[in-house]
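Visitor: Residue numbers (the working numbering), protein chains in the order written: chain A, 1 to 311; chain B, 312 to 622.
It should be emphasised that the hints constitute simulated quantities derived from the structure, not laboratory data.
All of these numbers come straight from a predicted model, not from anything done at the bench.
Relax, there's no trap hidden among the hints.
Computed list of lysine-lysine pairs in DSS-like fashion (alpha-carbon distance at most 30 Å, straight line):
#: 1; chain 1: A; residue 1: K14; chain 2: B; residue 2: K474
#: 2; chain 1: B; residue 1: K573; chain 2: A; residue 2: K99
#: 3; chain 1: B; residue 1: K573; chain 2: B; residue 2: K507
#: 4; chain 1: B; residue 1: K573; chain 2: A; residue 2: K262
#: 5; chain 1: A; residue 1: K106; chain 2: B; residue 2: K573
#: 6; chain 1: A; residue 1: K30; chain 2: B; residue 2: K377
#: 7; chain 1: B; residue 1: K604; chain 2: A; residue 2: K14
#: 8; chain 1: B; residue 1: K573; chain 2: A; residue 2: K103
#: 9; chain 1: A; residue 1: K14; chain 2: B; residue 2: K341
#: 10; chain 1: B; residue 1: K604; chain 2: B; residue 2: K573
#: 11; chain 1: A; residue 1: K262; chain 2: B; residue 2: K414
#: 12; chain 1: A; residue 1: K287; chain 2: B; residue 2: K416
#: 13; chain 1: B; residue 1: K474; chain 2: A; residue 2: K163
#: 14; chain 1: B; residue 1: K416; chain 2: A; residue 2: K262
#: 15; chain 1: B; residue 1: K417; chain 2: A; residue 2: K30
#: 16; chain 1: A; residue 1: K287; chain 2: B; residue 2: K417
#: 17; chain 1: B; residue 1: K410; chain 2: A; residue 2: K262
#: 18; chain 1: A; residue 1: K30; chain 2: B; residue 2: K414
#: 19; chain 1: A; residue 1: K66; chain 2: B; residue 2: K341
#: 20; chain 1: A; residue 1: K293; chain 2: B; residue 2: K325
#: 21; chain 1: A; residue 1: K287; chain 2: B; residue 2: K414
#: 22; chain 1: A; residue 1: K30; chain 2: B; residue 2: K416
#: 23; chain 1: A; residue 1: K106; chain 2: B; residue 2: K598
#: 24; chain 1: A; residue 1: K103; chain 2: B; residue 2: K598
#: 25; chain 1: B; residue 1: K573; chain 2: A; residue 2: K105
#: 26; chain 1: A; residue 1: K294; chain 2: B; residue 2: K325
Counterexamples of contact, computed for chain A against chain B with all Cβ distances above 10 Å:
#: 27; residue: K8
#: 28; residue: N146
#: 29; residue: E204
#: 30; residue: E218
#: 31; residue: D228
#: 32; residue: I284
#: 33; residue: E288
For glycine and all other residues, C-beta sits at the position ideal for the given N, C-alpha and C.
Take a look at the letters that make up each chain.
2 protein chains.
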Amino acid sequence: MNKIELEKTHQRIKPYVHNTPVLTSQIINKLCDAEVYFKCENFQKMGAFKMRGAVNAILCLNTEQKTKGVVTHSSGNFAQALSLASNYLGVNAYIVMPKNAPKVKKAAVRSYGGVIIESDNTTKARETMALKVQNEKGATFIHPSNDTQVIYGQGTAAIELLKEYDDLDYLMAPIGGGGLIAGTILAAQNYSNQCKVIGAEPKEVDDAYRSLKSGKIESNDSSNTIADGLRTYLGSNNFPIIKQYIQEIICVDENEIVEAMKLVWERMKIVIEPSSAVPVAALIQNKEKFKNKKIGIIISGGNVDLSQLPF
Amino acid sequence: MNKIELEKTHQRIKPYVHNTPVLTSQIINKLCDAEVYFKCENFQKMGAFKMRGAVNAILCLNTEQKTKGVVTHSSGNFAQALSLASNYLGVNAYIVMPKNAPKVKKAAVRSYGGVIIESDNTTKARETMALKVQNEKGATFIHPSNDTQVIYGQGTAAIELLKEYDDLDYLMAPIGGGGLIAGTILAAQNYSNQCKVIGAEPKEVDDAYRSLKSGKIESNDSSNTIADGLRTYLGSNNFPIIKQYIQEIICVDENEIVEAMKLVWERMKIVIEPSSAVPVAALIQNKEKFKNKKIGIIISGGNVDLSQLPF
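Extracted from the complex, chain A is given alone in its bound form (with noise of 0.2 Å):
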């Protein structure tokens, strides 16, 4: 990926999305006596980063994958992205959701226009679902966090990020599917000549911690972490990005999650979601690490059910 095509994913998806702006907290300076540079995609439209990767990937198709739509599987923030960046686009958006998926999820992605199609709960059926969309409908599957022009459109943040701020030691991100942490990591290799890029995840679900060590994709057992954007694993697209390139993995437990969330909110008063809250927490428990170093945060979304607060 070189510097001419990520610049062209930027200018491509531009006029879609939201410019976000990057914050600072003196309280947070302080306690990790660092400069920490937040990157809010919580005000992004539809409330997280994935919108970038949903409108790259539209635009990218030809004319013929237009008109027939796209397609995907997917409960969380990338349905909603696909839902709204398809209806601005003019393009018919099919959504496969597992039938127990929350009903304020699929609220969500209706009220974006997407159309959603249930299928049964297992992974399994979901993609055979998906498939039988694409069979059907001619639709072209768009996969939320492999697919090799999201990837491209999630760097976007970070590209966004260093052009305002050249100087940064750190970039960090959330890993769930890889798709974000990829694209940043293609960011700071264009963008910056310093910058390390460093994945944080939830030790419930540490899936790209092992893969990094096993060199290949693991798996996670259980989903137990209370930051739901990242219970899914790596994708054969992105994991040799991040294989090659990513400086470090930091895994954090869930309470270290939890009070991040709070910090955040409560110190710098903006939503985000507990994914988002993953990097803060491995930034706070490394301390040292990063003293006196110019870090930038991805902060992923701010789309939390406020009904369902872990405070």
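Given the coordinates of chain A, assemble chain B onto it according to the supplied hints.
Guide: Positioned in the frame of chain A, the structure of chain B alone reads:
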């Protein structure tokens, strides 16, 4: 109050406060069929507009007064504001707080450098104790909402907003002790040709609404509102300004306040305190009135106890 004095106030406090961001929300604009500009004092130092008035009041003291310190009675945001402002300016701050004030609020005052002086829980006991501190320490009493320099200081939030958006039709702010709304009125008079100021108040503590009707300062029999910053009543310095120049006061129900707060948290991804949600609720409950208008809302603060949320 002429514009020169207000402008001097703004320049005086500038080095000590944030020029807070003005946010907009496509979703809320669409919901109200209007253009709404949120002046986000929840991002102000110590989390509320009160910092502005506290800084201004201290800066307007003479050298001898500064040496002897300041005293106030407050268990809310002004206690924290006066503590932090005094800390910045090298002045002693004595904060009279009732014995039963929440520990978390006392801890906040201490963390900002204020000296807590405990009193019994009645208003009379607090006032007596504040007087005692004035006599013993020679400290200057600063009223949280009725001090003239506090009122001017609070007006600077609206000044910043009107400097950025000079064509607002309405400016809305919550009414508690009256300092913010009086300052906002002075700002609108001097920095806009057409902007009308509307106050918003919980029905449960509608003392300002009744004061406007009766022509004298009314109090509340109960204080049963979630908007804990608005339980106080108007003062002799701010009431004449309010009485003469306010366009109207809109009162809202408790459930409307909670719904408005939830809307802002969920859709704008920012943490606002219940008092800040009161003008948002007033807007939403009066859509016809504000249709196609440009409305500025002072989001007064973001200090909430996350363990006591109403959701």
